[in-house]
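Both chains are sitting in their own frames, so use the hints and assemble them into the complex.
One-letter residues, chain by chain:
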Amino acid sequence: MSSQFLQFLISGITVGATYALVGLGFSIVYNSSQVINFAQGEFVMIGGMATVFLMAAGAPMPLAIALAVLLAVVIGFALGKFAIEPARGAPVVSIIIITIGASIFLRGAAMLVWDRNLHHMPAFSGSDPIDIGGAALLPQSVWVVGGMVIIVAALQVFFSHARIGKAMLATAFNPLAAQLVGISTRGMLLLSFALAAGIGAIAGILIAPITLTYAGVGIMLGLKGFSAAIVGGLGNPMGAVAGGLVVGIAEAMTAGYISSAYKDAVAFLIILAVLLIRPSGLFGRRESERV
Amino acid sequence: MLLEIDNLVCNYGRIRALHGVSLSVEEGELVALVGANGAGKTTLLRCISGVQPAGGGAIRFAGDDIIAMAPERRVRLGIAQAPEHRQVFGPLSVTDNLLLGGYTRSRAEVLQDMEKAFAMFPDLKQRRRQAAGTLSGGQQQMLAISRALMARPRLLLLDEPSMGLAPALVAEVFDAITALRDAGVTILLVEQNAFAALSVAKRGYVIETGRIALADTGAALLEDDSVKSAYLGI
Ligand SMILES: Nc1ncnc2c1ncn2[C@@H]1O[C@H](COP(=O)(O)OP(=O)(O)OP(=O)(O)O)[C@@H](O)[C@H]1O
Ligand SMILES: [Mg+2]
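Taken in order, these protein sequences are the chains called A and B. Using our numbering, read the first sequence as starting at 2 and increasing by one per residue. Using our numbering, read the second sequence as starting at 67 and increasing by one per residue.
No lab work stands behind these hints, which were simulated from the structure alone. For glycine and all other residues, C-beta sits at the position ideal for the given N, C-alpha and C. Every clue listed holds true.
Computed from the model, here is a short list of chain A residues facing chain B with C-beta under 7 Å:
hint, residue
1, Lys167
2, Ala171
3, Phe174
4, Asn175
5, Ala178
6, Gln180
7, Leu181
8, Val182
9, Gly183
10, Ile184
11, Ser185
Now the in silico label distances, taken between C-beta atoms and shown as ranges:
hint, chain 1, residue 1, chain 2, residue 2, range
12, B, Pro119, A, Tyr263, 47 to 55 Å
13, A, Arg89, B, Glu274, 30 to 38 Å
14, B, Ala102, A, Leu71, 53 to 61 Å
15, A, Val143, B, Ala232, 55 to 63 Å
16, B, Arg142, A, Tyr263, 55 to 63 Å
17, B, Arg82, A, Val150, 49 to 57 Å
18, B, Gly121, A, Ala262, 53 to 61 Å
19, B, Ala234, A, Ile151, 49 to 57 Å
20, B, Lys191, A, Gly90, 35 to 43 Å
21, B, Met67, A, Arg89, 30 to 38 Å
These stretches of chain B come out as covered by chain A in the derived footprint (C-beta under 8 Å, 3 or more residues):
hint, stretch
22, 125-139
23, 147-156
24, 159-167
Bound conformation, chain B alone (with noise of 0.2 Å):
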């Protein structure tokens, strides 16, 4: 199991978020994680990655019990996340964002990674000395995407990337998480697009207020009466 969380706990002052996750994720798998609004999404993906403290339970990964870490060191051990909202560095160019995200690593290659960044996503490169900020939301999107890959990480965390999209580029972005999933990359994928996400996934989990209510195969939760009528709207 490359991660693994158990029972995991967090609070944010006396208010509790998480009571008690349980969910893990194997190597090369491309995992969903679906909920509604306020469910604990983000705060579960800012855990693992160390910006939130956890209040209780266990995180391990790739065997090692992280729960302690420096966000940083957790970086290094490769967990990299594109986060909520997308949080690109806006008065940098996109090249320095995407040579931020290889902080963590050799200069040679990262320079290796940006040019598959750019292959990956044209719009990217022909905007590369751009302010990030001045980017449209699709393209922002692609690029906290590719500055978290520019970590080369084992594990991808993804929160809603999909957020605030016009359609066809929410079809694009899940363009680009499938091609991700073929290539081989291990994803967890947090999405309000129960659909979506669903659809592209493995294994799926469906979380409601800080609690995991269900977990499946993602076509088994697309089938499922529960989910059906809470997330898909059917």
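For reference, chain A alone in the conformation it holds in the complex (with noise of 0.2 Å):
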């Protein structure tokens, strides 16, 4: 393997693994509720901003990062109770509408509050690049992608072990039979909007020391991890990880060997072609088992 080649894959992981992220927050949201929360970008910002700015007012960076979670936490859920749940049986069409309604105020609100301007997040521990193989992998990589593979891990252990993660399962295949046996489907929303916001607030922080961040940070982001979302198989979780990684090594490579002007484009272009070939997605459950 060719240290370029080695330099670009690490990237595309790095970048893929937030990407994986933002994409598990769609998957969870959409799964207990049948909503594409386009609000979803906006948590990664949040996370990355109220990081930044926590620590500006003093926070040490551990604090602020709790603190920076929590608030995205708190927003989540309150999106859900006050902008989603009221609409519960509105047309999908109308709830998207409503989410990307919610993501404009979210980022408008944060100009307000914080700024406009594009911030510098320290790397968690150095930025002193370990050398492998000729190519430079930065110490805050292996902060993300072993965040994303604890989260991941966690999430595992959660949908398959505790019970209120069963029933969120059982919410996402079977909402009348959820009801039936007691369980609140509202309450799941609730639930799957705090933790996807939660989830990407995690992304956004991590990935800030690389990226720098900004009030439109979750914009493009939030693009990606939806494109992860689809490429993965919408509402299914495990694919939007695999798929994360999929788009951002796609784009990595695109951008060292063709030209990072076409970048971005390289997740629509993925989407399209999955949407064309395997509409349920790479690693998509077939509509038929899901009933």
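Shown next as structure tokens:
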């Protein structure tokens, strides 16, 4: 493997891990509510921006991070409770428009409360690159990928062992039967929004030292996370993780070998290709299995 | 009276599915509700469980007015349903389906009841790790009934438990229902298989296009000429 290829692969996996986490958020919300939450990217922004500003206000990094994630969780919950829940039963398109409205609102609020500038966040553990076969690996990349792996593992345990995690899965598979066994599908919707917001915020915090953060950072990251979820098969969390890595690596290779001008187009080409060839996603369950 | 329904109305958009249905179930009774396709049987059960909003009338359960109550609260009060088409959680294991059936109760109680369910349906025990969606139709029906029982309901609603099953399995399902009846479980049983349902029921109702057309003891309805010609094919 050439060191150049390795370098592109490392940066692809790093950014792909972020997309994976954002995509996970899309899938979790979709599973509990059939809603595609286009405000998902804004939680990525809130995580990074809140951390930066809390640190500027003097909070030590771990505290700033914890508070930023908490803030995102609270906002995610509020979004579910005050914007999505009351509109339940409305056509899917209306609900999608509500989430787009919410994302514009959150972005605007961030510009007002914080600012419109680019912000740098210090890396968690230094920025001296580690040399692997001639390629440079930033310690922060290890944090990003490690963070993603830990979250995925924790979710895996949550969904397969925790009672409330199983209830979320059950709601995804069959909302009617879930109601009939006494699961509050409304509660599951709120929980999924809070959970997805928290995961999105963590993604934003992990990647911020590498990419910088600003009030508008959620737009592109949100769209990339959405691509990850579509590529993986909407509603399939582990598919979203794989989808995120596919999109991230494809992007890095395009930027490296062709031109970074086409980088963002790649995600959308992949979506188109997947939708044309395998509409249920590369790793999607076929619809019939979900009934 | 455990369940008392008075003049219940239910609409799907502009279509009225129930035109003032009145019905009651006493503690310990097995009551059958029979009627043709589209008569409104499932709609009535959906209203009782709260997954379909009522458009008027009253539903009282153990004295409480529950007509506006959220479905999960009704489960906690003691109303459980094995719905039409079984609706098991297909990708989840048999055990997980049963655990979720007891979602409103403590884990210790649920584990105890799971042993009872396995004793009643040994097939389920053997396949407890299997995904529910891979079970046969009959096994899925047993699972749907067991899942509802895990809530330890005061009232069990069964929606066409014999639907789509081979005759031998229909007999097995009805054996299970009679066993539950004899154990004192209060049951409202919806069936298109009117003969089988009225044979095991203490009382029965006949529903036609959203209205109760007849109400009597199970035995009397089996002898009724209009029931015989319309539902028993005699
Ligand atoms: N989701 C729905 N939207 C509109 N109309 C509905 C809906 N569900 C049922 N209906 C109508 O309400 C009426 C009652 O239907 P319901 O399913 O309660 O009948 P049923 O007695 O359970 O029939 P079956 O024996 O076929 O299960 C029917 O006319 C049906 O077409
Ligand atoms: Mg029906």
